[in-house]
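S.K.: For reference, the chains in residue letters:
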Amino acid sequence: MGACSEFDFFRRRIADGFEIEAYIGRLDLGSLGTEQRLPHLHGWRNNAPVPLPEGDAEHVLRCRVRGNADLELVYDLPIDGTDDAPTFTAGLRRKLMLARLAGEERAARDLRLGTGSLLDRHLKTGEMRAPVHSAIANAAAEMVVPGATGVALDELRRMFRGAGLPSDLHLGLVPVQGAALVGMVALASGDPVREAVPIAYAGTGTKQTALLTLSAALAGTAPVLVIDEPERGLEPYRQRSIIKRITDLAGTEGQAFVTTHAPAVLGMLRAENIWRMRGTQTPWQFQGAAIERLLRSDPDAFFAVIPILCEGATEQGLLEEMLPPLIGRDMDACGIRLVDGGGQPNVLEIAHGFIAASMMCASFLDNEPAYSGRRERIQGQSAAFVWNGAINIEDATCRWISLPNLFSLLDTASEARGVQRRHLEDQVFFQISAPDRRGGPRELEAAGYPEQILRTAFNEAMTRHEWFKTRVAGRLLARALTDLGMPVEIRQQIDRFGERVQQLLA
Amino acid sequence: MTLETVRRALRSPVRNVLVEAAGGCGKTYEASELAADLGRDLPEGSEVLLLAHTNAAVQEFTRRTRGAGARVRSTTIDAFCLDLLSPYAQRLALATPLRRWVGIGAGRIPFADLAPQAVNLLTRCPAVGTMLAYRYPLVILDEHQDASVSEHAVVASFRNLGLCRIRIFGDPMQAIYEAQPGQTVAWDQLMREAGQVVSLDMPQRWEAQPELGDWIMDARSELRAGRCLPLAQAPGCVRVANVAGLGCVGFGHGKQGLRRRFELSPDQAQGERQQYCLDTTIMYGVCTLRAPEVIS
Chain S
3 MGACSEFDFF RRRIADGFEI EAYIGRLDLG SLGTEQRLPH LHGWRNNAPV PLPEGDAEHV
63 LRCRVRGNAD LELVYDLPID GTDDAPTFTA GLRRKLMLAR LAGEERAARD LRLGTGSLLD
123 RHLKTGEMRA PVHSAIANAA AEMVVPGATG VALDELRRMF RGAGLPSDLH LGLVPVQGAA
183 LVGMVALASG DPVREAVPIA YAGTGTKQTA LLTLSAALAG TAPVLVIDEP ERGLEPYRQR
243 SIIKRITDLA GTEGQAFVTT HAPAVLGMLR AENIWRMRGT QTPWQFQGAA IERLLRSDPD
303 AFFAVIPILC EGATEQGLLE EMLPPLIGRD MDACGIRLVD GGGQPNVLEI AHGFIAASMM
363 CASFLDNEPA YSGRRERIQG QSAAFVWNGA INIEDATCRW ISLPNLFSLL DTASEARGVQ
423 RRHLEDQVFF QISAPDRRGG PRELEAAGYP EQILRTAFNE AMTRHEWFKT RVAGRLLARA
483 LTDLGMPVEI RQQIDRFGER VQQLLA
Chain A
96 MTLETVRRAL RSPVRNVLVE AAGGCGKTYE ASELAADLGR DLPEGSEVLL LAHTNAAVQE
156 FTRRTRGAGA RVRSTTIDAF CLDLLSPYAQ RLALATPLRR WVGIGAGRIP FADLAPQAVN
216 LLTRCPAVGT MLAYRYPLVI LDEHQDASVS EHAVVASFRN LGLCRIRIFG DPMQAIYEAQ
276 PGQTVAWDQL MREAGQVVSL DMPQRWEAQP ELGDWIMDAR SELRAGRCLP LAQAPGCVRV
336 ANVAGLGCVG FGHGKQGLRR RFELSPDQAQ GERQQYCLDT TIMYGVCTLR APEVIS
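As you go down the protein sequences, you meet chains S and A in turn.
Residues 3 to 508 (my numbering) make up the first sequence, in order.
Residues 96 to 391 (my numbering) make up the second sequence, in order.
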C-alpha cells in the first residue's frame, strides 16, 4: 500500500479519480474488536456481498481505496447512506495482514535501512545508528584529499580565519538534507566486500525475488497479497517458482491477487482462480474441465484477443499457413492464437467455457455426425467453421483435389511422415477391396481405377495412417494445396472463415 | 457486608456480579475504582465499558477514572447503542445519518428505540457482538434497576461471548420507573442471572452524622419490608419538607403506586396533595439522598 502516482489513474484521467472496493473475509473478530474504532461488518453469501453478516453469511469487511485529483490515496470503510466513512487505518490494514509485496519501483528504498523499509523491518536497526555514524566518520578521516583540493581547502581555512569563523576545516561525509545516514546502508552482495554490488542494482528478477523473500518472511499466516506481474524479469522456470512461493505464502487461509501476462504463471493456476480483465469490462471467470486442460496445455490461449480452437493439430497447422494471407496480417500482430483443441468434444467444451466467460473466440471444426446439436449452439454464439460437403480436411482434399494432384500429395505425406512414398502407396493400395484391385501398389496411377475407388482409398489411407496428423504436417498439406492449386470448394469455405475472423478483429 | 467482601467479589473471576448498593454507600466510588483497577491491565485495544443512564453520571465516572492510566469508556447506554447502530442504520432500514435523526419530535427516532434496534442488530449478526465481547472484557452497569428490558438485552447479547465479566450496580429501592413487567428489567431476574450477589450497605456519605446514615439504612429496610417510614425515629437533622409542584414533575408513577409503596400511617398523611409531596420528597431523600430539603 504505497503512494499512488498519476500513472495509477485510468488513462491518466486524474480529475475523475479512481475507486477500488474489496471485501475481506476470514476475519479475526478479536483483533477487529480491539481496533481503535470498531469496524462495521458486511455479509458475504454465494460469492456476493449482502448487507448484514446474518444467517449463514460470512462476516466480511468492505474496504475501499480512492485516488483523488490531488493524487492522494484515501483508505476507508464505506457505509451505505452516508459519506462519513471511517478511515481504513494503516493499523487495521496491518492487522489484517494486508501485505504489499514491495514492487520493483520500491526496490531502491526497500533494500535500504530507511525508516519502515523492508530491510529495516527485518534488521530492526535501532542500534545501527551509532556504528553507521562511526563507520562514516572513519571513512571521512581516511579519505585522501588530492593535492589541488588540499590547496583549495587551505585557502578556505584562511578565508574562514579571516572572517572569524572556525578554521579547523575538514571534508566530512554528511547525508543529504532530509535523509538519514543510516539510509546509506543497503543490502549488497559480492566478495570482497569492497566490490559488493547493491541488490537494488541487480537484475529485475533478482530484485523481484529478493523483495518477495523479504516480504514473505514478514507476512502472517493469512496474508492478503496483491502483486502486479510477479513474473517480470524472470525466466519461465523462475516464474513458475515465484508463483509457487506466492501460492504457498497465501496458504489456505490467505489470498493472493496476482496480475500476469505470463503463460508460465497462468499454467500454474487453477481455472476457477483466473479472471480475465480487459479494459473497463467486468472481469471474466473461467470454468470447466476442458478449460482446465487447456490451461495446462496452452495457457497462451487465454491471453489471446481471439483464440481459434482447432479440431486438432492438422487444422492448427493448416490455418497457420492459410489464415495470415486472408487477414492480411501476422497472427501475433492481431492477437490470434491457434489452439490445438484436442478433438471436437473438447473444442466444444472449451468454446462453451470461453463464451460463458464472455470471451471472444472462434473454432474450426469437422463436420462429424455426432455433436451436431452442441456444434450448432456454438456456431450461433461465436465464429465457427464447419466443413460443408465434407467431413474434414482429409475428406475435403480427397474429394475436391484433382486426381493427379492427389497423387502428388503422396510426396507431401512422405515428407510429413518421414517414410518413403512406396509405403504410402502400399497403404492406399490395401484400402482398395481385394476384388477391385488391379496390378500392384506401384501401378495405382496407371491401372485405370475408377476415380471414386481411388479417392475413397486415399481418404481411408490418409485418415487411418495419420498422414497429416501433426501441426507440421498440417502446414505441409496447406502449402501443397496452395502450390498445387487450391480446390475452389476448399478455398471458398476457408475464405468465408477468414472474413468472419476479420469481422471479429474489427 | 464488609467493603472488603464486596471489593473481592467485584475483582473475582465470577462472570456476573450483582451489587445492590443503597444510596450514599459508595456505589459511584466503588464502580470507578473497579474500572480504574481492572482497566490498567487490559490487553491492547480492550476497554472497560461503563454504562450509565445520564450524561451527568457519565461525566462523574469520566472525572473519577481520568488519569488513572486505565482504559475506560464511560458512556450512556443510548450513546453506546447510537454508536453501534450508526454504520448499520441504512441496512436496518433506519434513517441516515442516524445521529441526525435521533431525538425528540415528529418523524424522529426516539432514544428509547435505540436499544431494541441494537438488540435486533446483535441478535441477527452475532459477529458484531463477538467484536464487542473482545473489546469490552469488563462491563460495568450503573443504576441498572432503571434499565429497560432491551437495554439489559444489549449487554446480555455479548456478555456470554469471550471472557466478558459484568458488574451490575443498582438499587431496586431507587427505581425511577415503576417496575413494569416486560419493560423494565426485573430485579429478581438480575438476582437469578448473577453468579454472586453482594451489597454495599455501609453508609459512606454522612461520616459527620453517622446517626443519619444509620437511620437511612433502617428506613430503607422498613420500606423494603413494606412497612411505614420510621419518621418518628428520624434524627433531628431530618426535616420533612413540602416541595410544591414536585408531584407534577412526574417520576413515572402515580399516587396510587406511591401510597402502596410507602403505606404511610394515617397520622402522617396530611391530605392527599401534601402526602404526595411528602412521600416523594422523602423517597427521594432516602433513596438518592440528593434532595437538600431533607438534610440539614
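Calculated from the structure, these hints are not laboratory results.
Quick caveat, the model's predicted, so the values are computed rather than measured.
Built from N, CA and C at the ideal position, the CB exists for glycine as well.
A few of these clues could be false.
Just so you have them, the derived chain A footprint on chain S, three or more residues with Cβ under 8 Å [what the hints assert, rightly or not]: (1) 48-56; (2) 382-394.
Incomplete in silico selection of chain S near chain A, CB under 7 Å [stated by the list, open to error]: (3) Gly27; (4) Leu31; (5) Gly32; (6) Thr36; (7) His42; (8) Leu43; (9) His61; (10) Asp82; (11) Pro406; (12) Leu486; (13) Val490.
S.K.: Does each hint fit the structure? Answer for all of them.
M.R.: Against the structure, the hints come out as follows:
Taking a C-beta to C-beta cut-off of 8 Å, the stretch 48-56 of chain S contributes 4 residues in contact with chain A, enough for the three needed, and the coverage statement holds. Counting residues of the stretch 382-394 of chain S whose beta carbon lies closer than 8 Å to any beta carbon of chain A gives 0, which falls below the threshold of three, so the coverage claim is violated. Hint on S/Gly27 is violated. Least Cβ distance to chain A is approximately 11 Å, over the 7 Å limit. Given the 7 Å rule on beta carbons, the hint for S/Leu31 holds: about 4 Å separates it from the nearest Cβ of chain A.
Of the supplied interface hints, the one on S/Gly32 holds, with its beta-carbon coming within about 4 Å of a beta-carbon of chain A, less than 7 Å. For S/Thr36, the interface hint holds, the least distance from its beta-carbon to any beta-carbon of chain A being 3 Å, beneath 7 Å. Residue-level restraint check for S/His42 holds (minimum Cβ-Cβ distance to chain A is 4 Å; threshold 7 Å). Among the interface hints, the one on S/Leu43 holds; its C-beta lies about 6 Å from the nearest C-beta in chain A, closer than the 7 Å criterion.
Because the beta carbon of S/His61 sits about 4 Å from the nearest beta carbon in chain A, less than 7 Å, this interface hint is met. The interface hint given for S/Asp82 is met, as the beta carbon of that residue sits about 5 Å from the closest beta carbon of chain A, less than 7 Å. At about 80 Å, the closest approach between the beta carbon of S/Pro406 and any beta carbon in chain A exceeds 7 Å, and the interface hint on this residue is violated. With a least beta-carbon distance of about 73 Å to chain A, the hint placing S/Leu486 at the interface is violated under the 7 Å criterion.
Checking S/Val490 against chain A: minimum C-beta separation of about 68 Å lies over 7 Å; hint violated.
Against the hints set out earlier in the document, violations occur for numbers 2, 3, 11, 12 and 13.
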